[in-house]
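Trainee: Take a look at the letters that make up each chain.
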Amino acid sequence: MILKDCIKVLEAQVAVSVPDLEMDIQVACGADLMSDVMAFACASNEMLLTGLVNPQAIRTAEMMDVKVVVFVRGKQPGEAVLELARQMGICVLTTPLPMFTACGVLYSHGVLGKGG
Amino acid sequence: MTFSIDGSDFIHAGEASSGAKKALTKLGVKAPVVKRAAIAMYEAELNTVIHAGGGSAEVDIYPDHVLIRVTDHGPGIPDVRLAMQEGWSTAPEAAREMGFGAGMGLPNIKKQSDELLIETEPGRGTTVTIRINFTV
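Residue numbers (my numbering), protein chains in the order written: chain A, 10 to 125; chain B, 4 to 139.
Hints in this document: simulated from the structure, not taken from any laboratory.
Possibly wrong hints are sitting among the right ones.
Unchecked claim - Which chain A residues face chain B? A few, computed with CB under 8 angstroms, are given here:
hint, residue
1, Ser44
2, Val62
3, Gln85
4, Gly87
5, Ala89
6, Leu91
7, Glu92
Claimed, not checked - Heads up, simulated DSBU-like pairs for lysine-lysine below, C-alpha to C-alpha not over 30 angstroms straight-line:
hint, chain 1, residue 1, chain 2, residue 2
8, B, Lys29, A, Lys123
9, B, Lys114, A, Lys13
10, B, Lys29, B, Lys114
11, A, Lys84, B, Lys29
12, B, Lys114, A, Lys17
13, B, Lys33, A, Lys84
14, B, Lys38, B, Lys113
15, A, Lys76, B, Lys114
16, B, Lys33, A, Lys17
17, A, Lys17, B, Lys113
18, B, Lys113, A, Lys84
19, B, Lys29, A, Lys17
20, A, Lys13, B, Lys113
21, A, Lys123, B, Lys38
This one's a predicted model, so the numbers in the text were calculated from it and none came from an experiment.
The beta-carbon is built from N, C-alpha and C at its ideal position, and this holds for glycine as well.
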């Protein structure tokens, strides 16, 4: 599913944009515990959904080569988070959907979980 | 390469690992190896911030592997065997609020490493040495 369509189905706002809104999102993961994100590392997690609104969510995405971070439940990231994302070239979205629903919506549109 | 780890707050935690990741990538190390090194070092770096008020990291690159040595002068690990168990943690609430401190740090480091050495002395500090081979 291309990022532009993910934004649409997640009813998301783009907090930090990236040039390639056509990038293909095949694999995503959802977690509030960043160590879990790293413990279940897979080769191509393009998107991280989380309710953890702080710079470590962006740092974790950086370490994992995650290209898009989605903050769920309408949580709004602060400027420090957004600035770090800009520096790292990581796209940041905010969705009003809760975690379960956001993951479910993406899954029903073909985005998979752990890619191995 | 040597990195200083600022332990004053969680905002800057990860800067050393970020620098090492960029350097390894620039040197042409393959992406899956860079990711393993970045994850292991990031968890070790966070441990120094959570438990020891910061420390330092050395990253040495050899033809077939990378050695990452993260050192702090914190309280040490009283029981390494317990600390290696998933879910066992002595981290304060502040660490949990940042998405860490749930007892996954050392197990995660071990998972990503080809070799892991933990040298610790109560009251003196801890040095974690991580070897990651370049063969994928």
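Trainee: Now look at each hint and say whether the structure bears it out.
Mentor: Hints, verified against the model:
1. Hint status for A/Ser44 relative to chain B: holds, with the closest Cβ pair at about 3 angstroms, below 8 angstroms.
2. At its closest, the beta carbon of A/Val62 sits 10 angstroms from a beta carbon of chain B; the interface hint therefore is violated under the 8 angstroms criterion.
3. Annotation: interface hint on A/Gln85 violated; nearest CB of chain B at approximately 17 angstroms, more than 8 angstroms.
4. Of the supplied interface hints, the one on A/Gly87 is violated, with its beta-carbon coming no nearer than about 10 angstroms to a beta-carbon of chain B, more than 8 angstroms.
5. The beta carbon of A/Ala89 comes within 6 angstroms of a beta carbon in chain B, closer than 8 angstroms, and the hint placing it at the interface holds.
6. This hint is violated: A/Leu91 has a C-beta 13 angstroms from the nearest C-beta of chain B, more than the 8 angstroms allowed.
7. With its C-beta approaching chain B no nearer than about 11 angstroms, A/Glu92 sits outside the 8 angstroms limit, and its interface hint is violated.
8. Restraint check: the Cα-Cα separation between B/Lys29 and A/Lys123 comes to about 28 angstroms, which is no more than 30 angstroms; the hinted pair holds.
9. Distance restraint check for B/Lys114 and A/Lys13: the Cα-Cα separation of roughly 35 angstroms exceeds the 30 angstroms cut-off, and the hinted pair is therefore not satisfied.
10. At roughly 25 angstroms between alpha-carbon atoms, B/Lys29 and B/Lys114 fall within 30 angstroms of each other, so this suggested pair holds.
11. Between A/Lys84 and B/Lys29 the CA atoms are separated by roughly 35 angstroms; this puts the pair beyond 30 angstroms, and the hint is violated.
12. The suggested pairing of B/Lys114 with A/Lys17 is violated, with an alpha-carbon distance near 37 angstroms, which exceeds 30 angstroms.
13. At most 30 angstroms may separate the alpha-carbon atoms for a hinted pair to count; B/Lys33 and A/Lys84 exceed this at roughly 35 angstroms.
14. Of the pairs offered as hints, the one joining B/Lys38 and B/Lys113 holds, with about 14 angstroms between alpha carbons and a cut-off of 30 angstroms not exceeded.
15. At most 30 angstroms may separate the alpha-carbon atoms for a hinted pair to count; A/Lys76 and B/Lys114 meet this at roughly 23 angstroms.
16. Between the alpha carbons of B/Lys33 and A/Lys17 the distance comes to roughly 34 angstroms, so the proposed pair goes past 30 angstroms and is violated.
17. A distance of roughly 40 angstroms separates the Cα atoms of A/Lys17 and B/Lys113; the hinted pair therefore is violated under the 30 angstroms criterion.
18. For the hint linking B/Lys113 to A/Lys84, the alpha-carbon distance of about 33 angstroms lies beyond 30 angstroms, and the restraint is violated.
19. Between B/Lys29 and A/Lys17 the CA atoms are separated by roughly 36 angstroms; this puts the pair beyond 30 angstroms, and the hint is violated.
20. Distance restraint check for A/Lys13 and B/Lys113: the Cα-Cα separation of roughly 38 angstroms exceeds the 30 angstroms cut-off, and the hinted pair is therefore not satisfied.
21. A distance of roughly 16 angstroms separates the Cα atoms of A/Lys123 and B/Lys38; the hinted pair therefore holds under the 30 angstroms criterion.
Checked against the numbered hints given earlier, the structure breaks hints 2, 3, 4, 6, 7, 9, 11, 12, 13, 16, 17, 18, 19, 20 and satisfies all the rest.
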